[in-house]
Structure formats: structure tokens, C-alpha cells
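A.B. asks: Following the hints, put chain B in place on chain A, whose structure we already have.
Protein chains in written order, with the numbering used here: chain A, 22 to 238; chain B, 46 to 155.
What the hints contain is simulated information worked out from the structure, not anything from laboratory work. Fair warning: there could be bad hints in the mix.
[Claimed, not checked] Distance condition first, Cα-Cα at most 20 Å in a straight line; then the derived EDC-like pairs of lysine to aspartate or glutamate:
#1 Lys136(B) / Asp103(B)
#2 Lys77(A) / Glu181(A)
#3 Lys142(B) / Asp93(B)
#4 Lys128(A) / Asp147(B)
#5 Lys133(A) / Asp212(A)
#6 Lys224(A) / Asp103(B)
#7 Lys142(B) / Glu117(B)
#8 Lys165(A) / Glu184(A)
#9 Lys77(A) / Asp149(A)
#10 Lys136(B) / Glu181(A)
#11 Lys224(A) / Asp139(A)
#12 Lys142(B) / Glu104(B)
#13 Lys77(A) / Asp220(A)
#14 Lys133(A) / Glu117(B)
#15 Lys156(A) / Asp139(A)
#16 Lys224(A) / Asp110(B)
#17 Lys154(A) / Asp130(A)
#18 Lys133(A) / Asp103(B)
#19 Lys136(B) / Asp110(B)
#20 Lys165(A) / Glu181(A)
#21 Lys224(A) / Glu117(B)
#22 Lys156(A) / Glu184(A)
#23 Lys156(A) / Glu166(A)
#24 Lys133(A) / Glu104(B)
[Stated by the list, open to error] Per the computed footprint, the stretches of chain A lying under chain B, defined by three or more beta-carbons under 8 Å from a beta-carbon of chain B, are:
#25 93-102
#26 113-124
#27 127-139
#28 213-227
Since this is a predicted model, take the numbers as computed values, not measurements. Heads up, the beta-carbon is just placed ideally off N, CA and C, and yes, glycines get one too.
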Amino acid sequence: MQRGRQSDPLITGKVAQATTPTRDIVPANDFAKLSQTGAANVMPQPRATRAPLPRKMPTAPIDAPRMAELLVFQPISNGRSSFGHVAIDIDGTIYSWTPGGLFVTTKDDYLKKNAFRDGTGYPLRLTDQEAKKLKQHILNFGQKEHYNFVTANCTDPIEEGLEALGYQVGLTILPAQLKAAIMQSHLASIDRSNDYPADPAQKSSAATMPWSLLSMP
Amino acid sequence: MPIYAQQTRKAGFGKILWFTLGLTIGVVITLFFANLVLRSGHTYAEMDWNGDGDTSLDEMLHSVDVGVRSVEVSGCPCRFFFEYKDGRPIKTMCDGKVVDFDPYAPTVGP
Numbered sequence: 022m023q024r025g026r027q028s029d030p031l032i033t034g035k036v037a038q039a040t041t042p043t044r045d046i047v048p049a050n051d052f053a054k055l056s057q058t059g060a061a062n063v064m065p066q067p068r069a070t071r072a073p074l075p076r077k078m079p080t081a082p083i084d085a086p087r088m089a090e091l092l093v094f095q096p097i098s099n100g101r102s103s104f105g106h107v108a109i110d111i112d113g114t115i116y117s118w119t120p121g122g123l124f125v126t127t128k129d130d131y132l133k134k135n136a137f138r139d140g141t142g143y144p145l146r147l148t149d150q151e152a153k154k155l156k157q158h159i160l161n162f163g164q165k166e167h168y169n170f171v172t173a174n175c176t177d178p179i180e181e182g183l184e185a186l187g188y189q190v191g192l193t194i195l196p197a198q199l200k201a202a203i204m205q206s207h208l209a210s211i212d213r214s215n216d217y218p219a220d221p222a223q224k225s226s227a228a229t230m231p232w233s234l235l236s237m238p
Numbered sequence: 046m047p048i049y050a051q052q053t054r055k056a057g058f059g060k061i062l063w064f065t066l067g068l069t070i071g072v073v074i075t076l077f078f079a080n081l082v083l084r085s086g087h088t089y090a091e092m093d094w095n096g097d098g099d100t101s102l103d104e105m106l107h108s109v110d111v112g113v114r115s116v117e118v119s120g121c122p123c124r125f126f127f128e129y130k131d132g133r134p135i136k137t138m139c140d141g142k143v144v145d146f147d148p149y150a151p152t153v154g155p
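Looking at chain A on its own, in the form it has when it is part of the complex:
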């Protein structure tokens, strides 16, 4: 045992002597100085860093009429709607992804049917071409997907459509998260929002759950 310790190069320091480069081989720089003391062996090497992807900014003029509007509705009751709901209006037609599939109707009809809760609309800064592509993506999503409360809920067709257009919306599960992501992407702004208040005669009195605070519009 004692003999082993004496012959161990890590203990006797023979490794540092054996691997110490001479100035004839290694150029005289800071790294060479460190190498002489053996410190280079334990210094953290610089990692190859990945450059962040450039964030796509909206190209539509800020004051141009907006063809698409994101509708965010307040949470209600204690089921799937207790985190709120999100739908999108593209050129006067609403596309709403629900457990029953993709619900397509006119904006007037949709707002009449959803007058039991408050909603807010955020006009999206998309070009007409982008809005048409988004609509097509949502229609395709409705044909191939099945509703799932977590993996394919009401935010997913809109989120994936915007990602397909090149906007980095990120992973959003709750309607409030999608709204925040759209704000961060400069696709919408608070000061250009539209209120769709509930009809007092129809407003639901169903109590919301504590977790609904996560998704207040």
C-alpha cells in the first residue's frame, strides 16, 4: 500500500512534470504559463455557445387594418373552462378549438353565444397573407388533431400556426400564456385591445376555482 502511494504519479507530482510543455513547443501566452504550473489541466475550457435564433418581428404596418384578432375569454366554472378560453377571428370568422372539434362560425354569432362571460380582443399585427396562412393552418389542425386538455387544447392551433409563420411564441398551455407570448412577440398590444363585456342578463354566476387566477385575461 505504502509502495503504491509512493509510486502514484498523481501524488508525487510526476504528471505535471511530464506534461509540462516547454516554451519551444507552445507559444508564449497566458495558456502556456498556466500549463507550466499544470493549472491548464483544470481550467474550464470555453464552450461552444449557440447563438440565439433571431426573433421575427411583425412586418405589417402598425396602423394598418388588422384582419385577425385573438379573443381571450375569462375563466369560468370548475371544468375545462376554468383556465379560460381563446379563439381567433380571421376576417370576420371565428375559429375555436374545443372538445367537440373546430368550431367555425361568424363573429356576431360567436359573441352572442359567449355573452355569458367577459372577453377581450387583441388585433394581431399580421399581413393579409400571414392571416390567410394562419387560417389554413388552423383548418388543417382541426382535421388531423383531437382535443386534449393538456397537449392539444384551445391555444395549440393558434400557437402552432404562429410558429409556422415564424413567430416565436414558445410553449403555451394557458390562454393567458398565449396572450403574454403574443405581446412579447409584438404581434399585439394592450392599448389596441377591444372589450367584449358579458351581457348582464346572461352573465354566468358559476364560481371560478382558485387556479383560475393563473389565467385571468
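C.D. replies: Okay, now just chain B, sitting in the frame of chain A:
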């Protein structure tokens, strides 16, 4: 006491512990969903959302996503049920019977 007897007793105790834990979790989850369904305020007959004459467990659980509003049909007080998710009408019931009534239908003028 022989060693094998002690080991057998320990193994039996572990099984009882896991069984009790599983049973407790199952009861808590069942009570949670039962509470949600009861709080929805719908009667057993009303929860027959597909109108097949029978109320299944799925339909009971679906009750948490269904809203209700009082409406008047031909002067009679009725209950109109709709989906919370998108506001789509499900049915209207007057005196326990389903009637053909759409509150969103455009009203025809005189």
C-alpha cells in the same frame, strides 16, 4: 421468533401500507370529482346530455363544463343548457322534458 417469520410480518405490513395509501388517494380523487359534479347544480336527469335516456359517468363528469340559464318558452319557465367552452347550445328543458328551442335564433318581426 425465527428470522423468516419477522421478514414475513414486515412484508405484510408493507403491503397493507401501500394498499391503504392507494385507497386513500383513490378516495380523495373520487371525492374531488364528485364535489365538482355536485357543485355544477344539474340534476341526474338533466345530465343526460346526449339524450339517450341514460346518464353515464362520462356525462356526469361533462357536467362541470355545462352552463345553465333560465329562459322562457311560450310563457313557461325553462332551463337552457350550453357548453361553457364555446357557448354552443346543448338542450332546453321545460318541466323535465326536452323542447325544441334555440335562444339564439333570430327573432322574426311582426
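A.B. asks: Each hint should be assessed against the structure and marked as holding or not.
C.D. replies: Hint check results:
1. Lys136(B) / Asp103(B): 17 Å, holds
2. Lys77(A) / Glu181(A): 15 Å, holds
3. Lys142(B) / Asp93(B): 12 Å, holds
4. Lys128(A) / Asp147(B): 18 Å, holds
5. Lys133(A) / Asp212(A): Violated - the C-alpha atoms of Asp212(A) and Lys133(A) are around 25 Å apart, more than 20 Å.
6. Lys224(A) / Asp103(B): 27 Å, violated
7. Lys142(B) / Glu117(B): 14 Å, holds
8. Lys165(A) / Glu184(A): Since the Cα atoms of Lys165(A) and Glu184(A) sit roughly 18 Å apart, the hinted pair holds (cutoff 20 Å).
9. Lys77(A) / Asp149(A): Within the cut-off at roughly 17 Å; holds.
10. Lys136(B) / Glu181(A): 34 Å, violated
11. Lys224(A) / Asp139(A): 8 Å, holds
12. Lys142(B) / Glu104(B): Status holds; Cα separation ~18 Å.
13. Lys77(A) / Asp220(A): 38 Å, violated
14. Lys133(A) / Glu117(B): 18 Å, holds
15. Lys156(A) / Asp139(A): Violated, because 24 Å separates the two Cα atoms, which is more than 20 Å.
16. Lys224(A) / Asp110(B): Cα-Cα ~15 Å, so holds.
17. Lys154(A) / Asp130(A): Answer violated: Lys154(A) to Asp130(A) is near 24 Å, above 20 Å.
18. Lys133(A) / Asp103(B): 28 Å, violated
19. Lys136(B) / Asp110(B): Answer holds: Lys136(B) to Asp110(B) is near 14 Å, not above 20 Å.
20. Lys165(A) / Glu181(A): Since the Cα atoms of Lys165(A) and Glu181(A) sit roughly 13 Å apart, the hinted pair holds (cutoff 20 Å).
21. Lys224(A) / Glu117(B): Holds, because 17 Å separates the two Cα atoms, which is no more than 20 Å.
22. Lys156(A) / Glu184(A): Judged against 20 Å, a Cα distance of about 13 Å means the pair holds.
23. Lys156(A) / Glu166(A): Status holds; Cα separation ~15 Å.
24. Lys133(A) / Glu104(B): 26 Å, violated
25. 93-102: Holds, because 6 residues of the segment 93-102 of chain A bring their Cβ atoms closer than 8 Å to Cβ atoms of chain B.
26. 113-124: holds (count 5)
27. 127-139: It holds: at least three residues are needed, and the segment 127-139 of chain A offers 7 whose Cβ sits within less than 8 Å of chain B.
28. 213-227: holds (count 3)
In terms of the numbered hints stated before, the structure departs from hints 5, 6, 10, 13, 15, 17, 18, 24, listed from lowest to highest.
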